[in-house]
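Engineer: The chain contents come next:
Protein chains: 2
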Amino acid sequence: MTKQKSKAPPSAKPVPAGSSPPSAQLDQLRVRIDGIDQQLVELLAQRGRVVDQVTRVKQQHALPTFHPAREENLISVRRTQAVQAGLDPDYVEDLFRTMLRHSRVGQLDTLGRRGVRPGAKVLIVGGRGSMGRFFSRWFQQSDYEVHVLDVDDWPQVKPLTAGIDLCLLAVPIAVTPAIAGRIAPHLPRGCVLADITSLKREPLAAMLRAYDGPVVGLHPLFGPATTTMDKQIVVVSPGRQMDACQWLLDQLSVWGNILVDTPADEHDEIMGIVQALRHFATFAFGQFLHSRRVPISRTLELSSPIYRLELAMVGRLFAQDPLLYAEIVFATPERLTLLKDFIHSLNENLGMIEKGEKAEFVARFRKVADWFGPFSEQAMRESTFLVEKLVHRF
Amino acid sequence: MTKQKSKAPPSAKPVPAGSSPPSAQLDQLRVRIDGIDQQLVELLAQRGRVVDQVTRVKQQHALPTFHPAREENLISVRRTQAVQAGLDPDYVEDLFRTMLRHSRVGQLDTLGRRGVRPGAKVLIVGGRGSMGRFFSRWFQQSDYEVHVLDVDDWPQVKPLTAGIDLCLLAVPIAVTPAIAGRIAPHLPRGCVLADITSLKREPLAAMLRAYDGPVVGLHPLFGPATTTMDKQIVVVSPGRQMDACQWLLDQLSVWGNILVDTPADEHDEIMGIVQALRHFATFAFGQFLHSRRVPISRTLELSSPIYRLELAMVGRLFAQDPLLYAEIVFATPERLTLLKDFIHSLNENLGMIEKGEKAEFVARFRKVADWFGPFSEQAMRESTFLVEKLVHRF
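In the order they appear, the protein sequences are chains A and B. Here this note's numbering is used: the first residue of the first sequence is 23, the next is one more, and so on. Here this note's numbering is used: the first residue of the second sequence is 23, the next is one more, and so on.
Treat the hints with care, as some may be off.
Remember, identical chains collapse to one label, so a pair may be satisfied in a single copy or spanning two.
[Unchecked claim] Below, computed lysine to aspartate or glutamate pairings styled on EDC-like, alpha-carbon distance capped at 16 Å:
(1) K380 - E370
(2) K380 - D174
(3) K180 - E288
(4) K253 - D272
(5) K377 - E356
(6) K80 - D59
(7) K362 - E376
(8) K80 - D343
(9) K253 - E410
(10) K80 - D56
Source of the hints: derived by calculation from the structure; they are not laboratory data.
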C-alpha cells in the first residue's frame, strides 16, 4: 500500500503577474523568440558560406571530405558549452549532428564528383537498366568517358570495348554468367571486369572462367533511388589481380561508400538471410494483409509508432521493382531450402501456441534474448531514437 | 550507345590560392566555424530561457501547451528566410522541428504534471507491476492521491477503496475479468472503473457485468519504458456513463496522449493483426536466427541500413518482457486461427517459389502494391527519412 503526493515545482523566476494579460505577455515573449530564431537562421547561412569555402580549399588540394576527429571534437566542445549554458547536451548534439551531416552531404555533392582516374573509359553493360543508369551518372559526373552496351548494342561491341579500362556488368543475375562469357573475348588487356549483382559466387566464378585479366565482384547494398552514396555499403568479393582493380575501389570510396571485403561464399550465405529470407517474409506479410483486406489506414490510427515503422518496411518493399525481388528470392536452390526451414520453424512455433504452452514460449523467448545479448539493448535504443524522429516528423 | 562527359562546376568565388598552405587556410576557416557555433549555442540558451518564461505564463494561467498554428507559422517563416539566405529550407525546417519538439517536451514536463482533478483518489489494482508503477507515478506527479492494491493487499480492500474516484485495473489480461468481479462490490458510487489491458472485448464486458457505474476500457499503445506521453496513442473503448469518465480522458490528453475512440470488437480485431500477428512473426524470425546461429554482427556489417532497421525491430522485441508478448499472442482462439491462416498463406507462397513461378510472384507483388496504393510511396519516404537518421547517428 502506497500513498504519496508530489509537489508542483516552484517557479524560480516568476513573470510579474497582473502587469498585463497573459495573451499580451505571451505575444511579447513570442516576438523575442522570433528575433532569436531569425538570428539563428542568419548564423546558419553564415556557417554555410564558410563551409563552402572549406569545400573549395579541399577541392583545390584534393583533400578528403571527412575529418572524423574534427567532427567529434566539435561535438564535444558544443556539449560542454551546452552544459555550462544550462542546456541539455544531447539536444545540442542532435542539432549539431544534423548540421554536420548537412555540410558533409553538401561537400560530397561537390567533392564526390572527383574522378580517381578521370578520362578513363568505362563500359556499362546493361547501362539502360535502373542500376546501369545510376552508375553511368556517377561515372560521368566524375569525368569518366562512359559508354553503354545494352541488349541491342551487340553489333557495336568492337568499337564499344576499344580501349576501355572498366567493363561493369549491370545485368540481371540470371544472365550475368552468359554475358560475362560473351563480352570477355573483346576486353582489352588490363581492363577490369566487375559485376554488381546481389549474388557473388556464380557471377564471380563465371567472370574468372571467361576472362584472365583483373576481376572483382561488387554488391552495392543500395538501390537506384539512392541520392547519396555517403556511408552506403558495397560488398567487395575479390577475384583476380586486385592491384589492378584498386582504382575502381578507390573511386567507390571517394563517392562515400564503405567497402566491406567478403569472400563470395560467405557473402551468398549471409545474403540468403539478409535479403532472400527477409524479403520473402515481408512479401508474404504484405500479401496476407492484402488477402484479408486489412484496413491499413485504420490500423495506423490504432497503433504504436513501432507498428507504423514495421508497416512502413512492408509498404516500402511494394513501392519497388518486383523483378528485383523475384531475382533475389528465386536465386538459388539453397535459398528455397532456407525458406522451407523457416516455414517449418514457424509451424513448430504455431504448434506450441496451439497447445497453449506459454511457459515454453517464455523459455524460448529468453533463450533468444540471451543469444542476442547486448544487441537487443542496442536495438531498443536505436529503434526508440527513430520512433521519436518518426512521431515528431509525420 | 551513349557517350557523355560532364564538366566539373566552376568555383564561383575561389579562395586566393598560394597565399598560404591549405592546412593554414582550413585552420582559419575552422576557427570561423567554431565562432559561429559558439554563437549558435548562446542563442539556443537564450531561446531556452524565453521558452521557460512562456511555460511559466502558461502554467500560471492554465493555458494549453500546444499551439499548432503558431508552430506551423514559425516553421514557414523560417523556411522563407532560409530560401532568401540561400539555405535548403528542409534542412532549416529539420533543425527547427528538433528545437520545437525539445521545448514542447520541456513544457510538458512542467505543464503535463497539471492534474485535471487534483486531490482525487486513484486506486491502481496491480500497482506494483510495471504498467501499474508507470501510471502511479504519472497520477502522483499530477497531485492525485494514489493508492495501490496488489496481490497481497486484498485484506485491506475496504480502506483502500473508501472514497476513491477511479479504480484502474493494471493486471494481466487473463485475470482482468476475475479481478473486476472481485473489486466491483467495493467501489463507491460514481467511481470510474477502467482497465489498461491490450484486449478490450472481454475485459470491458466483465467490468460492465460486475459494476453498474461509469466504465471505460483503455489500451495505452506504449510500454512502461516510455519517458514521455507526448503524442502517444491511447485507445478508448466506451463502456457506460462516459460523461462521468471524461475527467480521466481529459487527464490523459493533458499528459499529451492522443485518444482514439474505438469499439471493443473493432479494437480486438485490428490488434490481432497489429500486435499478435506482428509479434508472432517477429518472435519466430528471431527464433529462427537463433536456431541457425546466424552471425548477427557479421550480417550487420554486410547490410543496408534498412536491414539494420528491420533487425533492430527483431532485437527490440527480445529486450522486453516475454510474459507481455505471451499474453498478447496466446490471448484468444481467434488469434490462433489468424496465425494458422498466416502460415497457410506462407506455405502457399513457398509452393509458388518451389515451382519457380517468377511471373506469378511478380503478378502477386503488383496486386499488393496496387492495393497498398499511396501508402507504399509514403512508407518509402518515411523509411528513407529514418534510414538517413540511422546512418548518420549510429
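Engineer: If you check each hint against the structure, which ones fail?
Structural biologist: 2, 3, 6, 8 and 10
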